[in-house]
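Protein chains in written order, with my numbering: chain A, 1 to 177; chain B, 1001 to 1247.
Honestly, I wouldn't trust all of these hints.
[Unchecked claim] Under the rule of at most 20 Å between Cα atoms (straight-line distance), these lysine to any residue pairs were calculated in the SDA-like manner:
hint	chain 1	residue 1	chain 2	residue 2
1	A	Lys171	A	Glu27
2	A	Lys171	B	Glu1071
3	B	Lys1041	A	Glu27
4	A	Lys34	A	Arg61
5	B	Lys1041	A	Leu19
6	B	Lys1041	A	Leu24
7	B	Lys1041	A	Lys34
8	B	Lys1041	A	Ala164
9	A	Lys171	B	Ala1246
10	B	Lys1041	A	Glu121
11	B	Lys1041	A	Ala114
12	B	Lys1041	A	Ala167
13	A	Lys171	B	Gln1072
Keep in mind the hints are simulated off the structure, nothing from the lab.
Everything numeric in this text was worked out from a predicted model, so none of it was measured.
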Amino acid sequence: MTTVAIARYGAGNVRSVELAVRRLGAEVVDDLEKAGLAVLPGVGSARSAMDGLGGAADVLRERHAAGRPILGICLGLQLALDGTEEDGGVAGLGLVPGRAVRLQDERVPRIGWAPVEPGGEVYWFAHSYEAETEATTATSEGHAAIVEHGSFVGVQFHPEKSGAAGARFLKACLSRA
Amino acid sequence: MPLPRLIPCLDVAGGRVVKGVRFRELRDVGDPVELGAAYSKGGADELVFLDISASVEEKASAVGVASLVAEQVTIPFTFGGGIRTVDDAIALLEAGADKISVNSAALARPALIEELARALGNQAVVVAIDTENGRVRSHSATRDVERGTLEWARECEQRGAGELLVTSIDRDGTQNGYDLEQLAGLRDAVSLPVIASGGAGNARHVAEALEVSQAALLASILHEDPKRLVALREELRGLGVPLRNAA
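Only chain A is shown next, with the shape it has when bound in the complex (with noise of 0.2 Å):
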């Protein structure tokens, strides 16, 4: 069986994370460093989140040089990346290359179904920023949707709220863990 940490910092939604890899067998365990896999998820703000994640930031810094799979979901994603526009500029974890920046959509927040390309499955996205880097490798009405660097992968939409599609998206992040 795949075990799964969550890294938590701070209020927010880690229960649907948790909710949606158990129901794919998954068991959920508190050690960041040791379980097969580790899931930044996307909560609150950009730098409360820096603050409240503490010690687990070199946790997760560990587990990347050592290729060990991590998976960040929407805040998680720009988390990982060099740093974010947001609150006026915040550094990031520095996993992948690359800046987190505030859309330029019609309408902010993005909020909504839409769908990533390569593939055309439809997927919850809830963002104000995205991120811009060379680590992109599939994406939505032009907005990065999955970033790939090394053993991270990071999603700008919500697989543990997006029904039947998120479900097969998280069994196969947990497949290879």
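Starting from the known structure of chain A, arrange chain B on it as the hints suggest.
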């Protein structure tokens, strides 16, 4: 832009889905988890649970309902009704809700919107606006609050709201169609996503609302029957509305 969204709305009180006739004579019409899951299966893009409990004791059940819904439903859902503080909102998000919705509490103390946005992120903060003749009403639309709808919508955006859920009180429950003029005004006034509510009687009404808004809230048109959602989606596809394939 993401795909247009259909959002069934479930009124809950004391942990049950209820159907109200003019806010009185509440009738028990089912279990929120079962009905929510059935709507999700029927192709709902999101769900809204609106707690209309009258008493404080009943209100305490909201977090429990959110928690049970999160276990069974794998699409996003919003919880509204009776949220007055950041702590109220955090409890609902920690239970598994994706967004919270505030209405009268934000009108009474607009700084609440900023506090919520800072703690939860803008995308989790929906401000519900009840409007009639271009003016905002509060407390289940029983009070005029001396504010123009567009002016309040702009203020909500400035204060950090992530979405507006706009109900046209004079259309609500009439099934005569959405207030398209009001919705077009909002589209031009703010750059937030807008969820249209009030007046849906048939698929054409919903399609019209989705031309000017990003989502449509569906209440009386569904009669708490997930099969009606399936049929409505088919009709909307026939009208050329690009809906998500939920399979």
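Ascending list of hint numbers which this structure does not respect: Hints 3, 7 contradicted; others consistent.
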